[in-house]
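Given these sequences and hints, build the entire structure.
Protein chains: 2
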Amino acid sequence: MSGASRPQLEARLQALSKRMATVGVEVLVVTNSPNIFYLTNLRASAAVLIIGDSVRVLIADFRYLAIARMVVAGDQSLTDLEVVPVAGSYDETILGVFGRLGVARVGFEAENLSVRRWQWLTGRLNEKFIKFVPTDGIVEEGRERKDAYEIEQLQTAALLLSRVALDVNELVREGVSEREIAAEIDRMLYRIGLERPAFETIVASGENSALPHARPSDRRLSLGDLVVLDFGGVHNGYCGDLTRTFCVGEISERAFGLHRAVLEAHGAAVSVVRPGIKASAVDEAAREVLRRHGLEDMFGHGTGHGLGIEVHERPRIGKLTNNGAVDAELDTGMVFTIEPGVYVPGYGGVRIEDDVIVTEQGCEILTKAPCALTLC
Amino acid sequence: MSGASRPQLEARLQALSKRMATVGVEVLVVTNSPNIFYLTNLRASAAVLIIGDSVRVLIADFRYLAIARMVVAGDQSLTDLEVVPVAGSYDETILGVFGRLGVARVGFEAENLSVRRWQWLTGRLNEKFIKFVPTDGIVEEGRERKDAYEIEQLQTAALLLSRVALDVNELVREGVSEREIAAEIDRMLYRIGLERPAFETIVASGENSALPHARPSDRRLSLGDLVVLDFGGVHNGYCGDLTRTFCVGEISERAFGLHRAVLEAHGAAVSVVRPGIKASAVDEAAREVLRRHGLEDMFGHGTGHGLGIEVHERPRIGKLTNNGAVDAELDTGMVFTIEPGVYVPGYGGVRIEDDVIVTEQGCEILTKAPCALTLC
Numbered sequence: 089m090s091g092a093s094r095p096q097l098e099a100r101l102q103a104l105s106k107r108m109a110t111v112g113v114e115v116l117v118v119t120n121s122p123n124i125f126y127l128t129n130l131r132a133s134a135a136v137l138i139i140g141d142s143v144r145v146l147i148a149d150f151r152y153l154a155i156a157r158m159v160v161a162g163d164q165s166l167t168d169l170e171v172v173p174v175a176g177s178y179d180e181t182i183l184g185v186f187g188r189l190g191v192a193r194v195g196f197e198a199e200n201l202s203v204r205r206w207q208w209l210t211g212r213l214n215e216k217f218i219k220f221v222p223t224d225g226i227v228e229e230g231r232e233r234k235d236a237y238e239i240e241q242l243q244t245a246a247l248l249l250s251r252v253a254l255d256v257n258e259l260v261r262e263g264v265s266e267r268e269i270a271a272e273i274d275r276m277l278y279r280i281g282l283e284r285p286a287f288e289t290i291v292a293s294g295e296n297s298a299l300p301h302a303r304p305s306d307r308r309l310s311l312g313d314l315v316v317l318d319f320g321g322v323h324n325g326y327c328g329d330l331t332r333t334f335c336v337g338e339i340s341e342r343a344f345g346l347h348r349a350v351l352e353a354h355g356a357a358v359s360v361v362r363p364g365i366k367a368s369a370v371d372e373a374a375r376e377v378l379r380r381h382g383l384e385d386m387f388g389h390g391t392g393h394g395l396g397i398e399v400h401e402r403p404r405i406g407k408l409t410n411n412g413a414v415d416a417e418l419d420t421g422m423v424f425t426i427e428p429g430v431y432v433p434g435y436g437g438v439r440i441e442d443d444v445i446v447t448e449q450g451c452e453i454l455t456k457a458p459c460a461l462t463l464c
Numbered sequence: 089m090s091g092a093s094r095p096q097l098e099a100r101l102q103a104l105s106k107r108m109a110t111v112g113v114e115v116l117v118v119t120n121s122p123n124i125f126y127l128t129n130l131r132a133s134a135a136v137l138i139i140g141d142s143v144r145v146l147i148a149d150f151r152y153l154a155i156a157r158m159v160v161a162g163d164q165s166l167t168d169l170e171v172v173p174v175a176g177s178y179d180e181t182i183l184g185v186f187g188r189l190g191v192a193r194v195g196f197e198a199e200n201l202s203v204r205r206w207q208w209l210t211g212r213l214n215e216k217f218i219k220f221v222p223t224d225g226i227v228e229e230g231r232e233r234k235d236a237y238e239i240e241q242l243q244t245a246a247l248l249l250s251r252v253a254l255d256v257n258e259l260v261r262e263g264v265s266e267r268e269i270a271a272e273i274d275r276m277l278y279r280i281g282l283e284r285p286a287f288e289t290i291v292a293s294g295e296n297s298a299l300p301h302a303r304p305s306d307r308r309l310s311l312g313d314l315v316v317l318d319f320g321g322v323h324n325g326y327c328g329d330l331t332r333t334f335c336v337g338e339i340s341e342r343a344f345g346l347h348r349a350v351l352e353a354h355g356a357a358v359s360v361v362r363p364g365i366k367a368s369a370v371d372e373a374a375r376e377v378l379r380r381h382g383l384e385d386m387f388g389h390g391t392g393h394g395l396g397i398e399v400h401e402r403p404r405i406g407k408l409t410n411n412g413a414v415d416a417e418l419d420t421g422m423v424f425t426i427e428p429g430v431y432v433p434g435y436g437g438v439r440i441e442d443d444v445i446v447t448e449q450g451c452e453i454l455t456k457a458p459c460a461l462t463l464c
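Chains as they are written, first to last, in this note's numbering: chain A, 89 to 464; chain B, 89 to 464.
Any given hint could turn out to be false.
[Unchecked claim] Some residues of chain A that are not near chain B, with every Cβ distance over 12 Å (derived):
(1) 110
(2) 131
(3) 158
(4) 177
(5) 223
(6) 232
(7) 237
(8) 243
(9) 275
(10) 460
[Unchecked claim] So the derived label-pair ranges between C-beta atoms look like this:
(11) A/190 with B/448: 55 to 65 Å
(12) B/420 with A/408: 17 to 27 Å
(13) A/352 with B/170: 30 to 40 Å
The set of hints was computed from the structure by calculation and includes no laboratory data. Ideal Cβ placement from N, Cα and C applies to all residues, glycine included.
See the structure below:
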């Protein structure tokens, strides 16, 4: 079975227990599915984990009950994890679990509980003299630095994705539609052995490529188009993410210039990654190059994002802001994308994206595919 | 351009305004993406709509700004809808919009705002003497009955899906893996012209078919297996959803018996659908048949779910419960699945799913594909 080993799961939980103690909660109600996967190996779109020194309960509804029981029964499970089926609703079942525990301070994930559910739960828990305490990303904090199992999955995901990348430029031909290319990329992702696309594959050609999040359309490629291909794949629940930009037919001076500038920005960002520097310094390295080329205004997004169980997770690799967004200090084992881009409205765009892991010496690029604005 | 027309959008908004008046809010902050698509035609994974008699503002970040502006500039847009780019964060931008309005009671979607965001916003709004009021599904209520544009999209989605269903039984052969079949189904979905799979395609064979939400595995089909194929597709943002169960090779008495019982339950549920009856009565019709066959305990989920912009939406077609889950009264224009199933642990399962629309006379089945446990 794929999945982290029991010692790995116990180590993740132990680290979480320390963070729980720091924020003063005895038990944590985990409602965020990727966090539940991280802590238990259970992949389910709905489930609740209640975890603490005195309790290890996984609540699942009918849809996931059999899978939850299989996961827990295997030797790649937290010890003494009990599966409780949903009775009535998830929230009633959560309440039932607390009926038998003597705890005073229960944490919940404030970013992953709706106001509606919170209103109901906090009222009922207060009746039992239990304080329901908001916590912020205390599981996510652990996920930021990957352990050996996770690194292996991310390496494989990136490698499989790179093999697809070696073939995609053949798809970029005059007359083919964006949608046809997207469907073919998805097929290649499955064929290479990835579980599924990590997100809706982006194929953006001509003026569409100036939209960073364009959806594949029926637009057919024509000579001179820039074409941005951005695709991801999942391996054992871990995501890879890769972008390359191609040109249909002859490459114009303008297209070549944009591509060269983005490639330079990409290289500059990669070269500054190392433990101890701020994420914003990586962003600034890319931004500075584009500024020098007079293209900074056309680079409207951040330089990258963390990669793991989710295709967007910590750390954020972006500008330093004063709105409270965290500017992480990079550390070994962090995995994220580096993906500067320039977008010229009405003309087109270029983006180049690789996945990197922070190492003691600097970083290693996990995706291995040439970046050239290949002639098709 | 696909999308509802201006009069359709204005009609949706007018109906919403009445519901807002009923719950006593002047302005509604819409954070749920499907609701934003329903009200504006904008498809974006992140955006905020602030809507009321005195304000029509759509907040979008860099990723979706160009698309939001295109949508709003066209003639298929609400009149006077203003696009405001995110400045700082979404929540800071929301606050900025309220800085220039003289309103006292602002609603938000309690199921679609996290406790974390609510804490921040409610504090800042209270400083401005604005009450931030939780609302429950007041946009979703309007989405429950489909308008002419939506019905057309759902019909097309179901029809395209049915064409795929006509071919899938050819994929079910001894020796092929679940994953290979899933990848091929996805390819067929694209080829037929659907935008994308509506969810991760389910191919569950043999004992895996006893798990209603199994993920395609590397398991290869063998003679005698029951194989559940559950797949969906999106057309112009609207979902179709269809399940058929097949048998590899010769059909055993046992497999045939399960299939016949489920087919009977499916037919019983379809036959009772009409305006004025409760959703739970449709569920009970299916359940009663399975009870008679001694299979009720092996039918652990509800009989169906609403279908529209989301693949699971209102109405819920399930048992009457006492945990507050709504038991809708069916009305014309409601679209939902009917999908009874039986799941025998260790052996296999059968599910048959169609999409129906409630009509004045009863209902129409939108998916058109034979239900036989086809010999492969």
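Falls inside 30 to 40 Å, the C-beta gap from residue 352 of chain A to residue 170 of chain B?
holds (38 Å)
Mind verifying the non-interface call on residue 243 of chain A? Its CB should be farther than 12 Å from each CB in chain B.
It holds; residue 243 of chain A is separated from chain B by about 21 Å at its closest Cβ, greater than 12 Å.
Regarding the assertion that residue 110 of chain A does not contact chain B, is the least Cβ-Cβ distance greater than 12 Å?
Nearest chain B Cβ is 18 Å from residue 110 of chain A, so the label holds.
Cβ separation of residue 190 of chain A and residue 448 of chain B, checked against the hinted range 55 to 65 Å
holds (58 Å)
Would the least Cβ to Cβ distance between residue 237 of chain A and chain B come out above 12 Å?
holds (19 Å)
Taking the shortest Cβ-to-Cβ distance between residue 158 of chain A and chain B, state whether it exceeds 12 Å.
violated (9 Å)
Could you check that no beta carbon of chain B comes within 12 Å of the beta carbon of residue 223 of chain A?
violated (10 Å)
Hey, is residue 275 of chain A genuinely clear of chain B, shortest beta carbon separation above 12 Å?
violated (5 Å)
Does residue 177 of chain A really sit off the interface, with its C-beta more than 12 Å from all C-beta atoms of chain B?
violated (5 Å)
Residue 460 of chain A: least C-beta distance to chain B exceeds 12 Å?
At roughly 26 Å from the nearest Cβ of chain B, residue 460 of chain A sits farther out than 12 Å, so the non-interface label holds.
Checking a non-interface call: every C-beta of chain B should be farther than 12 Å from the C-beta of residue 131 of chain A. Is that right?
violated (8 Å)
Please test the hint of 17 to 27 Å on the beta carbon pair from residue 420 of chain B and residue 408 of chain A.
With Cβ atoms ~55 Å apart, the hint is violated.
Consistency note: the structure conflicts with the earlier hints numbered 2, 3, 4, 5, 9, 12.
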